[in-house]
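S.K.: Below are the chains, spelled out letter by letter.
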Amino acid sequence: MISSLQELADQFSKLIPQDAPLPETPAAAGASCAHGGVASQASTNPVQMVDYAIKGWHLDVRARPDQVVAAAALLDENGFATDAVTGVDWIAEGEMEVVYDYFHPANSWRVFVRARVPRSKPEIPTISQVYPGANWHERETHEFFGIVFLGHPNLTPLLLPEDADYHPLRKDFKA
Amino acid sequence: MSALSLLSSGEREHETFILNVGPQHPATHGVLRLKLTMDGEYITRAEPVCGYIHRMHEKMGENRTWAQFLPNTGRIDYLAAMAYGHAYVAAVERAAGIVVPARAEYIRVITSELNRISSHLVWFGAFLLDLGGFTPLLYAFDDREKILDLLEALTGSRLTYCYYRFGGVCNDVDDDFIRGTREFVAGMRPRMKMYRELVTDNIILRKRLIGIGHISAEMCRKYGATGPVIRGSGVAYDVRKNEPYSVYRDFDFDVPVFPEGDCMARYLVRMEEMVQSLRIVEQALDKLPGGPALTAGVPRVLKPAVGDYCFAVEAARGRFLVRIVSDGKEIPYRVRLRTPSFSNLSLFEEASQGMMLPDALALLGSLDLVIPDIDR
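Here the protein sequences line up with chains A and B, keeping their order. 25 is the number that my numbering gives to position 25 of the first sequence; each next residue is one higher, with no gaps. Numbering-wise, my numbering comes out as the position in the second sequence, counting from 1, plus 1000.
The set of hints was computed from the structure by calculation and includes no laboratory data. Only a predicted model underlies this, so the values are computations on that prediction, with no experimental measurement involved. There's no promise every hint is true.
List of simulated lysine-lysine pairs, PhoX-like, C-alpha gap at most 25 Å [to be verified]:
1. B:Lys1329 <-> A:Lys171
2. B:Lys1241 <-> B:Lys1287
3. B:Lys1241 <-> B:Lys1222
4. A:Lys171 <-> B:Lys1059
5. B:Lys1059 <-> B:Lys1303
6. A:Lys121 <-> B:Lys1059
7. B:Lys1303 <-> B:Lys1329
8. B:Lys1193 <-> B:Lys1146
9. A:Lys121 <-> A:Lys171
10. A:Lys121 <-> A:Lys174
11. A:Lys174 <-> B:Lys1329
12. B:Lys1329 <-> B:Lys1059
13. B:Lys1059 <-> A:Lys174
14. B:Lys1207 <-> B:Lys1193
15. B:Lys1146 <-> B:Lys1287
16. B:Lys1222 <-> B:Lys1035
17. A:Lys171 <-> B:Lys1303
Let's have the full structure, built from the sequences with the hints guiding it.
M.R.: Written as structure tokens, this is what we have:
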């Protein structure tokens, strides 16, 4: 069990090494500056402490899609609870972002993990075996964004009709 | 072969059938459907089917200005709309750097806590109705009416409030509201005592709730269940204390926690929470500062700084989180609404396994679901 957020940040840094930078296009790097915590460091360090008063969470982790399960397992070991899973469609960069929110029921820490997948092949492993509560959130993200959660036990529509073949939160969706 | 030997032969032991509850059923408190696989009176699998009242609020957020989304926040959890408005305006204020005057924050706390009491009163009445007690509903709605009248005079709405604005509230409280709220607080305390004596201590109620519908703290953590559900499982998690927002630091109040994890624990958490909310309202009225209730000069069309921001509040059903993404334009790039009923219901499948049907409906009622809050 960790005793401070800095300790958790160090563990994340081991999990997501800085010397193996994220495979990013220049456009995506620019965009992550735009919505990241500290713009100048956002492209180099994937694990960042952010100011809670400004952003609303403490630790910002940018992972590769194949690292999100390990990130969830690390947070699970340290007593975090799943808050939400959702997406953001960055259509201009041809990517979609999968966003994982976590909170700590005892220590009030907020951790935010995000990973980017290409719009042409939006696939990411499921974390529902670590957090069963992510099951519904991933189903929702799948139907709203068309992001496929590999290994998910039941990736059927949750809120949309069962025959829905559209993804309404994609930016190119027109009703 | 006689019926008895059929039962004992084992042939029928694993014979199950599907029981459909809802989408139109009083026990689901809205248009929620439960697909239950039954082994006699016992549930082997319960699958909630959602989406009957899905309205795609998150897409609506991407099609209107930041301010135009405000009325939507009152229509997600229609029983505790104030807290939802609070989370949204506070997230946008955080993004746009708008300072809120102290008086406005106090008014937000007073109205949010009054709304919490009125929401819990609806739960109280409807939950007792589920369990077969009709009369408490009438008493609860009598008390709730007083809150609705106060809030109607202040906000113009009885249910789907759109009262908070970026930088404050749209209408300052007057002496009538303050006097009326004080009268309500004074009158509500003996009512809570009466509820305790007449309902909480009732032997039939206790037999229906004690030891029924156990939810562990670990299950709450794995599913992200919050609010009275996690506090009824022995975890003192309350956003008002854990991530103190607005002016909640200024008030002396307790977070009721019951470790049993059964329906009775969740019942007691909500009953005690109403008492605590009365305490907060009273203190806020005593300390209510002067000054404006709305910051002057907030532009009509906002363009918050580029980036993503979030804000969490303790709504009546648990943690409500708004995550906004701004690309610097007058229309949000993304509005994410993380609602407590969604996560609280998601554990129902695991928690209800092996329960008897009437007990499972008690469990469902103890989760205090609002269906538009799940479906959005």
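S.K.: Hints first: check each against the structure and report whether it holds.
M.R.: Hint by hint, here is what the structure shows:
no. : hint                    : in the structure
1   : B:Lys1329 <-> A:Lys171  : holds, 15 Å
2   : B:Lys1241 <-> B:Lys1287 : holds, 19 Å
3   : B:Lys1241 <-> B:Lys1222 : holds, 21 Å
4   : A:Lys171 <-> B:Lys1059  : holds, 9 Å
5   : B:Lys1059 <-> B:Lys1303 : holds, 19 Å
6   : A:Lys121 <-> B:Lys1059  : holds, 23 Å
7   : B:Lys1303 <-> B:Lys1329 : holds, 5 Å
8   : B:Lys1193 <-> B:Lys1146 : holds, 18 Å
9   : A:Lys121 <-> A:Lys171   : holds, 16 Å
10  : A:Lys121 <-> A:Lys174   : holds, 21 Å
11  : A:Lys174 <-> B:Lys1329  : holds, 20 Å
12  : B:Lys1329 <-> B:Lys1059 : holds, 16 Å
13  : B:Lys1059 <-> A:Lys174  : holds, 10 Å
14  : B:Lys1207 <-> B:Lys1193 : holds, 21 Å
15  : B:Lys1146 <-> B:Lys1287 : holds, 23 Å
16  : B:Lys1222 <-> B:Lys1035 : holds, 23 Å
17  : A:Lys171 <-> B:Lys1303  : holds, 20 Å
Every hint from the earlier list agrees with this structure, and none is contradicted.
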